[in-house]
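Count along the sequence shown starting at 1, add 282, and that's the number in this note's numbering.
Hints listed in this document are in silico derivations from the structure and should not be mistaken for laboratory results.
As the structure is a prediction and not an experimental result, all values here were calculated from the model.
Fair warning: there could be bad hints in the mix.
Unchecked claim - The list that follows gives simulated cross-link-like pairs (lysine to aspartate or glutamate, DMTMM-like), each with its CA atoms no further than 25 Å apart:
#1 Lys367 x Glu316
#2 Lys379 x Asp294
#3 Lys315 x Asp360
#4 Lys352 x Asp376
#5 Lys397 x Asp376
#6 Lys345 x Asp323
#7 Lys379 x Asp360
#8 Lys334 x Asp294
#9 Lys355 x Asp323
#10 Lys352 x Asp323
#11 Lys367 x Asp331
#12 Lys367 x Asp340
#13 Lys352 x Glu392
#14 Lys379 x Asp314
#15 Lys379 x Asp341
#16 Lys345 x Asp314
#17 Lys345 x Asp331
#18 Lys327 x Glu392
Said to hold, decoys possible - Now the in silico label distances, taken between C-beta atoms and shown as ranges:
#19 Glu354 x Asp321: 31 to 37 Å
#20 Asp376 x Ser299: 31 to 37 Å
#21 Arg368 x Gly318: 18 to 24 Å
Just so it is clear, CB atoms sit at the ideal spot from N, CA and C, and this is done for glycine as well.
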Amino acid sequence: MGADLDSKLQNDEHFPSDGEVFVFVVQYFASDKEYGRRDVDNMAKTILDVLKNRFYRDDSQVKTLLVGKKLEKRVPQDFAYVAIKRLGSSQDVDALKISGLERSVTMFQELKSKKIL
């Protein structure tokens, strides 16, 4: 994957990006055994290592990382899907908004006002 990817990106002025990025990864597994053995954090690290210096220059540019694993009959073999989106300076990803980004800020403010934090 790496060498083929390098040749495709060689003349693309958009990459590697200097700005913040959102990375989405879903790893499909063909067997229950492999699905059960794989940790999403280790999968993410491996994939991010491949993406670094190709799509972005430094891991600190990954503003949002969404990683999942699935068993899916419509994808009957091991397969990884990776999507990368360059983000604007104050842009957040809808997944963060849906999962409670604003709620986390509200919770922090409530705990701070109660002097719990």
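Now the hints, each set against the structure:
1. Lys367 x Glu316: The hint is violated at about 29 Å.
2. Lys379 x Asp294: Between lysine 379 and aspartate 294 the Cα gap is close to 31 Å, so the pair fails against 25 Å, i.e. violated.
3. Lys315 x Asp360: Holds: lysine 315 and aspartate 360 sit about 12 Å apart, inside 25 Å.
4. Lys352 x Asp376: holds, 21 Å
5. Lys397 x Asp376: Status violated; Cα separation ~31 Å.
6. Lys345 x Asp323: Holds - the C-alpha atoms of aspartate 323 and lysine 345 are around 16 Å apart, at most 25 Å.
7. Lys379 x Asp360: violated, 30 Å
8. Lys334 x Asp294: holds, 15 Å
9. Lys355 x Asp323: holds, 24 Å
10. Lys352 x Asp323: holds, 14 Å
11. Lys367 x Asp331: holds, 17 Å
12. Lys367 x Asp340: With Cα atoms ~15 Å apart, lysine 367 and aspartate 340 stay inside 25 Å; holds.
13. Lys352 x Glu392: violated, 36 Å
14. Lys379 x Asp314: Between lysine 379 and aspartate 314 the Cα gap is close to 32 Å, so the pair fails against 25 Å, i.e. violated.
15. Lys379 x Asp341: holds, 22 Å
16. Lys345 x Asp314: Violated, at roughly 31 Å.
17. Lys345 x Asp331: Judged against 25 Å, a Cα distance of about 16 Å means the pair holds.
18. Lys327 x Glu392: violated, 34 Å
19. Glu354 x Asp321: 31 to 37 Å: violated, 19 Å
20. Asp376 x Ser299: 31 to 37 Å: Cβ of aspartate 376 to Cβ of serine 299: about 20 Å, so the range 31 to 37 Å is violated.
21. Arg368 x Gly318: 18 to 24 Å: violated, 35 Å
Figure legend: structure checked against the earlier numbered hints; hints not met, in rising order: 1, 2, 5, 7, 13, 14, 16, 18, 19, 20 and 21.
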